[in-house]
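Here is what each chain is made of, one letter per residue.
Protein chains: 2
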Amino acid sequence: MTVIAANPSSPTPIRGARRMPSAGLIADLRARFADRLCTQQAVLLQHGRDESSFAPEPPDAVVYVQNVEEVVFVVQACAQECVPLIGFGSGSSVEGHLLAVEGGVCIDFSRMNRILSISAGDLSATVEAGVTRSQLNLALAQTGLFFSVDPGADATVGGMVATAASGTNSVRYGTMRDNLINLSVVMADGQQLRTASHARKSAAGYNLTQLFCGSEGTLGLITEATVRLHPRSERTAAAVVRFPSVRAAIGCVIESIQFGVPLARAELLDVLTVRAVNAHSHTGLAELPTLFLEFGGSQNHIDEQAAQVGEIAGGHGGDAFCWAHRPEERSRLWTPRHHAYFACLQLRPGCRSMTTDACVPLSRLASCVEETQADIAEHGLTAPILGHVGDGNFHCLVLVDPHRPEEAEAAEAFSRRLIARALRHGGTSTGEHGVGLHKMQYLQAEHGEAGVALMRTIKRALDPHNIFNPGKLAGYR
Amino acid sequence: MTVIAANPSSPTPIRGARRMPSAGLIADLRARFADRLCTQQAVLLQHGRDESSFAPEPPDAVVYVQNVEEVVFVVQACAQECVPLIGFGSGSSVEGHLLAVEGGVCIDFSRMNRILSISAGDLSATVEAGVTRSQLNLALAQTGLFFSVDPGADATVGGMVATAASGTNSVRYGTMRDNLINLSVVMADGQQLRTASHARKSAAGYNLTQLFCGSEGTLGLITEATVRLHPRSERTAAAVVRFPSVRAAIGCVIESIQFGVPLARAELLDVLTVRAVNAHSHTGLAELPTLFLEFGGSQNHIDEQAAQVGEIAGGHGGDAFCWAHRPEERSRLWTPRHHAYFACLQLRPGCRSMTTDACVPLSRLASCVEETQADIAEHGLTAPILGHVGDGNFHCLVLVDPHRPEEAEAAEAFSRRLIARALRHGGTSTGEHGVGLHKMQYLQAEHGEAGVALMRTIKRALDPHNIFNPGKLAGYR
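In order, the protein sequence lines correspond to chains A and B.
Per full-length UniProt numbering, residue 1 is the first one in the first sequence, and the count goes up by one each step.
Per full-length UniProt numbering, residue 1 is the first one in the second sequence, and the count goes up by one each step.
These aren't lab readings, by the way, just hints derived from the structure by calculation.
Hints may contain errors.
[Claimed, not checked] Covered stretches of chain A, as calculated for chain B (at least 3 residues, CB under 8 Å):
#1 371 to 381
#2 387 to 399
[Said to hold, decoys possible] From the derived model, a few chain A residues whose C-beta atoms are all more than 12 Å from chain B:
#3 F73
#4 S110
#5 H465
[To be verified] Reference excerpt, derived from the structure (chain A facing chain B, CB under 8 Å, subset only):
#6 R32
#7 A34
#8 A203
#9 Y206
#10 S331
#11 L443
Note that the Cβ used here is the ideal one computed from N, Cα and C, for glycine as well.
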């Protein structure tokens, strides 16, 4: 097996030849799964894409599994012919993770969605991979606990583990990586593995749980996860504050974190995004960089946080600190943020967003965003910015007319410059979206030759025949 | 290379033949390091042991490195002859991690101890591996920030990363695993690797940082770490509460966590430990299971936490809730906990402690501790118990007369029963001490054949000639 060096300038991912299942394999799968094996074009197409703008690459078959024994069966059957296997949750990944670039069998986990246990005493829940975050939170409604990871889409837990998802909550509750206790995984030889015990911490050997979190289906198939839960805040309050500059808004968040204010969310909208939400939601916000904040705790504790952040914001020129405590008020106040993505799309009706995902150290965030805004202006792009400020993560929604290929090219060129800039600032090409197909070209610049070589060493050791989601992440042939 | 199956019933670790450096290799090291290469017996002995009760196994040479280039030099020189390499920080590990069971060269990092940068804006610091936690916290004194991981000993950051250390703070601030941003590592071929960017989160490929955290020097040598810092609490308060039973004390902690009280520390002393500290520190505590608690925040927030926990404690029969706010009062109140280890040793003067490290899900902690106390009583052991309740982690200090080998055997037999019990409760053999030599025999019971096989696959892939700390963790030949 030869390791192919990544070509940092090539936007085309490395891919191997298509490895179709034989007629015999399909017959074996049909015998076991009956009508839960699908080969109809519509189903294949639906499973050969995600929320990225890549053209679909359908698998050769889709199997709807219902339990781990079925997963083992499919893995063993496909391993015999070195047929690729791609796990599929809700299809909400955004970097081409799910495309069957070498064909193969897609394992759809959506029907393997039992909540196996909820333990309030352990602040944990064990779920099958196909359980969605909203399904889990509905089941937790009476416990006083909740599952915090929220990437926006109603993703499956298995998918969120595979992509190391995060979102607006992670400034307080951490990312998927921070909320995992244990995983069950089916390996390339069909063996089942539990990555850890159910204890909240352990020093018993290599961290197998974190090896699979963020592995994007390339090392094994996640069938079950035990996740941490958090107590719901007694009360929640929301605030919106406008600032004279992006730098001032970011400065306010950093100083609040340094003061130990446990911000529950801290979302930045740049001027263009504010303009977009005003047009979309008729909100009449001043056209200034704006922070959407959320606080949790007792009423006293919230009041205290409000006073602290209010003072800090004032020191950074923050103005019109607008508060909401009652659920309906909060919901109304946060509406612009919740609708921001769709509002931004309306800046250029008919366009789609090529969404970037740079993440940099907090102290470099203001510079990185300012330089990025200058780049956007210089190249005449329409690219509103949304930021998870507490994580140093921000998204540019580069609006692209699908009928004008030169716009997609310009967006890609912008993305390359942005990632180079994020790396110069000590950051990463992707804070929460993952590598998939789209970011493979940047891995070497980010991790160096030694880092990419090590990732390939791990992949080769765990999946020697390259059956799990081939051609993704640090992909090799 | 053959994988040797672990024998779960054997207390003797698997070990290979001694692999001594050649005279030529020693000469090469001498030429480069002059008097920073030591082969004197006293130095070798000092580097061939840790705080465990294993008899020392000295390396063949000790090199005091001062920078990463020197580490690379030693690794490359030793790799040519497949001579083992063992990283050494402050020698405070407790499971035989540092013993040179196959001989080789010990790399002492204590002189590679520069604090490379402190970034208040990023809430992070980058340090060389030999920096100790107290050294780092001293350097942070004026920043309002601190480094939270505190395993008791004044360990080095490199050592704490290698063993996935934690301690009394982790209920609030997490373990070493949760406080890492980036590592620099020298690999088996002498290549240098940075495991991640400096961003606070990333989804860019496999989690290399967590692969090395807890790897106990078996996959590479950690030369540098970027760690998270936390804001110091505006105020701190301490409390001591006695309970009618261990179960009641644990119930109080679990309920407090479920209510979202951000406990800074929650330490349990069982009756025997209370008796020991009373005798040692003349504290006059009631001989009941006792919780030592710490709270941080603003005065208002602390008052609120106090009221909540007071009410919860009352519901569990907690009594004599004793509070301290001023530093000297807090220090006095916590003295029994701080001196507990030495106080317990005085229960049997001249004995040493064989300290266990089981960790179980919170909901199983009370049962596990109760069953363990019954075991202690049944076998006539003297074994006071200290618990990091919020993590589900507890230590039995089994007091053993070093002149009576049958006591060491009885302690080992107790440890085996305890670990079997912890595993039955869904827990781990080691919450924070690590595997080293001592827990190797339990890895298979904890992780199953698939888990141990995967750990060995990873070890073989990253260190094919088994030069890094051979014979430890999932050790193989």
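Go through the numbered hints given earlier and state which of them the structure violates, listing their numbers in rising order.
1, 6, 7, 10
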